[in-house]
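For reference, the chains in residue letters:
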Amino acid sequence: MAAITLEHVEKRYGDGYPAVNDVSLDIADGEFMILVGPSGCGKSTLLRMIVGLEEATGGEIRIAGRVVNDLPPRDRNLAMVFQNYALYPHLTVFENIAFPLRLRKLAGEEVRRRVEEAAAVLELTEHLDRKPGQLSGGQRQRVAMGRAIVREADAFLFDEPLSNLDAQLRGQMRTEIARLQQRLGVTTVYVTHDQVEAMTLGDRVAVLRKGVLQQVDTPRALYQRPANLFVAGFIGSPAMNLVPATVDGRRIRLPFVDFELPEAVGGGGPAIAGLRPEHLEDAAVVDAPARERGVAFDVTVDVLEWLGAEQYAYVPYAAPPELVEPLHRLAEELDRESARTTLVASIDPASRLRRGEAARLWFDPANLYLFDARSGERLAPPNLEGHVPEYQDPAGR
Amino acid sequence: MRRVARIAGPVLIVVWTLVPLLWLLSLSLKGGDHIDDGRFWPAAPTLHNYRTVFRTDLFTSALRNSIGISLIATVLSVILATLAAYAIARLDFPGKKLMLSVALAIAMFPTISLVGPLFDIWRSVGLYDTWPGLVIPYLSFTLPLSIWVLSAFFREIPWEMEQAAQVDGATPWQAFRKVIVPLAAPGVFTAAILTFFFAWNDFVFGISLTSTGRARTVPAALAFFTGASQFEQPTAAIAAAAVVVTIPVVAIVLAFQRRIVAGLTSGAVKG
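Chains as they are written, first to last, in the working numbering: chain A, 1 to 397; chain B, 1 to 271.
Some hints here could point you the wrong way.
[To be verified] In silico lysine-lysine, PhoX-like type, Cα no more than 25 Å apart, as pairs:
(1) Lys105/A <-> Lys178/B
(2) Lys131/A <-> Lys105/A
(3) Lys178/B <-> Lys131/A
[Unchecked claim] DEER-style ranges, computed between Cβ atoms:
(4) Glu126/A <-> Arg6/B: 56 to 66 Å
(5) Tyr17/A <-> Leu91/B: 13 to 23 Å
(6) Glu305/A <-> Arg6/B: 49 to 59 Å
(7) Glu332/A <-> Arg6/B: 55 to 65 Å
(8) Leu106/A <-> Ser113/B: 32 to 42 Å
(9) Leu91/B <-> Thr218/A: 38 to 48 Å
(10) Leu91/B <-> Glu332/A: 55 to 65 Å
(11) Gln168/A <-> Val75/B: 49 to 59 Å
(12) Val75/B <-> Arg113/A: 32 to 42 Å
(13) Gly58/A <-> Gly126/B: 34 to 44 Å
(14) Lys105/A <-> Val75/B: 27 to 37 Å
(15) Lys96/B <-> Glu305/A: 46 to 56 Å
(16) Arg6/B <-> Tyr17/A: 42 to 52 Å
Think of the hints as simulated: they come from the structure by calculation, not from any bench.
Where is the CB? At the ideal position from N, CA and C, for every residue including glycine.
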């Protein structure tokens, strides 16, 4: 077990394009660290540099205090689970799991003991004599994990290990990985593009964009205090509503409503406002004092999705195309469908809103995020800083 | 109608391919006087011809040469082709495409066009009528094809396989030997068999680049066969010798066909 430290790590390819750009990251001993970002953000490259399959073109990588930049993968004592599992098809499950031990020339009994132990943990005991080709996707995934845990490696590295599984199995394996990591307490670096995996598994999450580290924090902090527009748009499902806004002192102008903040936001001019779906509510179910504090506006509900425990309302609004343009670009980068000028509101399931009918939505301006239109940095008006947001439930549920 | 065709077609092909072989076998079992008796089955089968061929130095030394030269050519060709194909499949270097196409072009060369120059060169450098004198041309003709076959196999093997092995603690050589080579085994066997057959069956080089029993191979030696006595036609003896040299070919194909067919990579990755 070991801490992993990245200092100004950089990966440039022949054409000078930096796939990973000046990333510094401290991963504590026993920590579960997630590297997340849309495809092409450099997260896998970063992982492969840690394990030694790619060479860092700059910076320093340390494992347990030892600089490993020039060490081949075999000397780094890390275990890795590949996206396609990379099992050895000509070997049985037993020999697949035993492979790293055989390479270290461990005694036969010791190998048997360790493999059987790992197989028991992963419920693979009855499959030890089979070949990988005869296993289901989930079982192959577990064999790959078995090969990692027999090693007693300093750290586990996962490269999108669940992306080849169907949705249901993915959920199961996610829990299993979390349990395993907790049980073994091994430092883990886990690459994914799935923000649900990132939020549920990680002690901390590092968000990458175009090779640049955007923010590293606990899932909760990422959600509550995104450093910039990119993180805000990436973390959360359904995603945060991003709306073009104009700031004029205390006054905020959104396409569908104008209102005043208690205190002025520094600067002024164009900005982007962010509102999480759960912070929008049907005004009809908000109690009176809250309604006083908040801002309400009239809309027409386009689509309504009632899911029992929750209910989503989709509300289109009109905005000038030149203001929406940067949002389109962001959506593209996040691999999302082009951002429609639609608000998503997660409203109280008790709400009686109907599709196609006029409605009044409400939000608390304290839950409003503001981002610089150009840099995307989150603007931190003093009145919002302390508060943002302690999951205040507007409906008082 | 269609069912008849479905049965008749294969039967026709089997008969077509097997009758000459059976004829050869039958000839080899006929006694000296029965050669031209016009019967398909020998009236009085005898192993006399086999005893004769194994008693003649011409054949036994040729058999030794054939086995030795073919095996050496095969082993060298497979080793060199495996390494070359691996490099071609895994590394990016300038001129890779060119190299592959030139290699293929070499394999397309008509052997007969090289025999004249080789004869002269071999005589002046002392390779004429030696084992290396045959191994070298066999290598140069079989390597390109082996490289093609093997690089196709290597390309099919996911990179992650050997990366996983390296992370698991293998040196690049260990990863190659313990993971890549076993996975490419069907390709390795295919290449080996192609090479072996080329060398084993070759007549042109065998007859042109040898002059004595030192290096003369069986196909070439057959041309020098005489009967047990000068009054005997060598037909039956040649047939017996031909049967003897066909046996390893049949044996090898039967032994390895399953290895060749087996798709070993199934289940390597998600499937």
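Against the structure, the hints come out as follows:
Taking the CA atoms of Lys105/A and Lys178/B, the gap is about 14 Å. The hint holds against a cut of 25 Å. Straight-line distance between C-alpha atoms of Lys131/A and Lys105/A comes to about 22 Å, which keeps the hinted pair within the 25 Å bound. Note on Lys178/B and Lys131/A: the hinted pairing holds, with a Cα-Cα distance of about 16 Å set against a maximum of 25 Å. With their beta carbons about 44 Å apart, Glu126/A and Arg6/B fall outside the hinted range of 56 to 66 Å.
At about 22 Å, the CB distance of Tyr17/A to Leu91/B agrees with the hint of 13 to 23 Å. Taking 49 to 59 Å as the suggested C-beta distance range, the pair Glu305/A and Arg6/B conforms, at roughly 58 Å. For Glu332/A and Arg6/B, the hinted distance range of 55 to 65 Å is satisfied, since their beta carbons lie about 57 Å from each other. Under the hint 32 to 42 Å, the C-beta atoms of Leu106/A and Ser113/B, about 58 Å apart, miss the expected range.
Hint check: Leu91/B to Thr218/A, Cβ distance near 43 Å, so the stated range 38 to 48 Å holds. Against the hinted window of 55 to 65 Å, the Cβ-Cβ separation of Leu91/B and Glu332/A comes to about 35 Å, which falls outside the hint. Taking the beta carbon of each, Gln168/A and Val75/B are about 52 Å apart, inside 49 to 59 Å as hinted. Distance hint for Val75/B and Arg113/A: a CB-CB separation of about 40 Å, consistent with the stated range 32 to 42 Å.
At about 57 Å, the beta-carbon gap between Gly58/A and Gly126/B misses the expected band of 34 to 44 Å. At about 29 Å, the beta-carbon gap between Lys105/A and Val75/B stays in the expected band of 27 to 37 Å. Checking the proposed 46 to 56 Å range against Lys96/B and Glu305/A shows it holds: the Cβ atoms sit about 54 Å from each other. A hinted range of 42 to 52 Å for the beta carbons of Arg6/B and Tyr17/A is inconsistent with their spacing of about 59 Å.
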